[in-house]
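**Q** Chains as they are written, first to last, in numbering that gives the first Met the number 0: chain A, 0 to 219; chain B, 0 to 194.
Treat the hints as calculated values from the structure; they're not laboratory data. Treat the hints loosely; a few may be bogus.
[Stated by the list, open to error] A few chain A positions that, by computed beta-carbon distances, are all more than 10 Å from chain B:
no. : residue
1   : Glu19
2   : Pro68
3   : Leu87
4   : Arg125
[As the list claims (entries may be wrong)] Okay, the calculated beta carbon distance ranges per label pair:
no. : chain 1 : residue 1 : chain 2 : residue 2 : range
5   : A       : Ala146    : B       : Ser188    : 18 to 26 Å
6   : A       : Gln185    : B       : Arg112    : 50 to 58 Å
7   : A       : Phe79     : B       : Ala182    : 25 to 33 Å
8   : A       : Thr182    : B       : Glu151    : 23 to 31 Å
Think of the CB as a built atom: it goes at the ideal place given N, C-alpha and C, for glycine as much as any other residue.
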Amino acid sequence: MGSSSVFTSFQFSDFGFLIEAAGRTLLISVLAISIGTVFGCIFGWILSVARIVGAVTLGAVLDVFRSVPLLIQLILFYNFFPIIGFNLSPFEAGTIVLIFYTSSLVAAVARGGIDAVPEITRRAARSLGLSYWQDMRYIVWPIGLRAVLPSWAGVALGVLKDSALVSVLGYVELLRASQILITRTQEPFLILIIVGIFYFSLSFPISRLTARLERKWHYD
Amino acid sequence: MEIAVLAMVVGIVLGLGLAIMRMQGTRPLAWFAVGWIELARNTPALLQLFFFGFGLGAFGLHLSPFLIVLFGLSFNNAGYLAETFRGGFNAIPATQTRAARSLGMTQSQTYIRIIIPQVFRLVYHPLTNQMVWSVLMSSLAMLVGFRELAGETQFLASKTYRIFEFFLVTAAIYYVIVKLFLAGARLLSWRLFRY
């Protein structure tokens, strides 16, 4: 393949490009998961406290995020801001949508966690003189966390994989990087496999770890 | 939309097969099933679609967009469902199998008549979740050029430059479909699992 050719084959330096892109995938996922989890916990708490009011207001809104494809959400959100007058970069729009999406999923998980703590346990805690927040911190949090950590990890892994969709907006993360390389090298099979390995090595250890944690806690 | 249903049906069949292979199969079969399951669960669905689209294209195997989406989604669904089914199978006591076998049923009769109906009852709820997921994922089809709901929207949007309006309507349609499906599933479960 001569240097005059537009298409050059896959080179070693391309690994650097892919690793950089994997870093961006990781960045956007970690941002979305961490902020989304905080919001999700707050929403979950609201849902479990204000049952009926919460369900018809916040619950309905969160439900929309779960029932509309993430891809459509991304495109909608990205195209919404120019209409009201200012532009968002693909990264900002993608992160914001992913945060909303994560928090709507985590809210359901967190609510399940709070509900997993028996009412009697909480009454006992209050009777022993713990304040509401002490009860939350020392009773509900440890028990609830055990109940829902696997589902939370499932959500987190899902978001890591769904962050691939941000590529549609033009943000150069792992999947987008693979598209760019494919266009240049015309070797889709090789590159898709490499990118697959990248995603796999990001995701697989976490899923193993959670499976092990789950088993360990199960037999307690 | 029918692609989501189709992919789901294929996914259920393959998922059942994989789950049984993983638990009962000989070493190579079990490894094959584990490989499939872990690959499907640990890489993005979009990457899998691209793989079936462009990856196989490298071997001169050009699939139509419909087949790409069908294969990709089925592959993904099967991976997730296999784990769901495995959970279901593990929840069925081994005594059930032994009882059926001692009544003179063959291995396959045991599975078809005794085990699988019970598993379906157990995994009914996760199954509906996966179906919703499958509907939502079918929107990815627009990225490989298949004209389902999202793809059609994109086509119209690029023709008229009214991206936001078109996608807003599409979002509403997806929402309604998911809600209708969930309501239907609840009705069905009430009819099926009543006694």
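**Q** Please confirm whether arginine 125 of chain A is truly not at the interface, meaning its C-beta sits more than 10 Å away from all C-beta atoms of chain B.
**A** holds, 33 Å
**Q** Was glutamate 19 of chain A rightly flagged as not at the interface, with every chain B Cβ beyond 10 Å?
**A** Nearest chain B Cβ is 18 Å from glutamate 19 of chain A, so the label holds.
**Q** Please confirm whether leucine 87 of chain A is truly not at the interface, meaning its C-beta sits more than 10 Å away from all C-beta atoms of chain B.
**A** Correct as stated: the minimum Cβ-Cβ distance to chain B is 14 Å, above 10 Å.
**Q** Has the hinted range 50 to 58 Å been met by the Cβ atoms of glutamine 185 of chain A and arginine 112 of chain B?
**A** Once the Cβ atoms are compared, 53 Å apart, the range 50 to 58 Å for arginine 112 of chain B and glutamine 185 of chain A holds.
**Q** Quick check on a hinted range of 18 to 26 Å for alanine 146 of chain A and serine 188 of chain B, using CB atoms only.
**A** At roughly 24 Å between Cβ atoms, serine 188 of chain B and alanine 146 of chain A fall inside 18 to 26 Å, so the hint holds.
**Q** Quick one: are phenylalanine 79 of chain A and alanine 182 of chain B within 25 to 33 Å, going by C-beta?
**A** Holds - the Cβ-Cβ distance for phenylalanine 79 of chain A and alanine 182 of chain B, about 29 Å, lies within 25 to 33 Å.
**Q** Does the no-contact call for proline 68 of chain A survive, Cβ to all of chain B over 10 Å?
**A** Contrary to the label, proline 68 of chain A does not stay out of reach of chain B, its closest Cβ about 4 Å off (not over 10 Å).
**Q** Go ahead and decide if the range 23 to 31 Å is satisfied by the Cβ distance of threonine 182 of chain A to glutamate 151 of chain B.
**A** Because 26 Å falls inside the window, the suggested range holds.
Checked against the numbered hints listed earlier, the structure breaks hint 2 alone; every other hint is satisfied.
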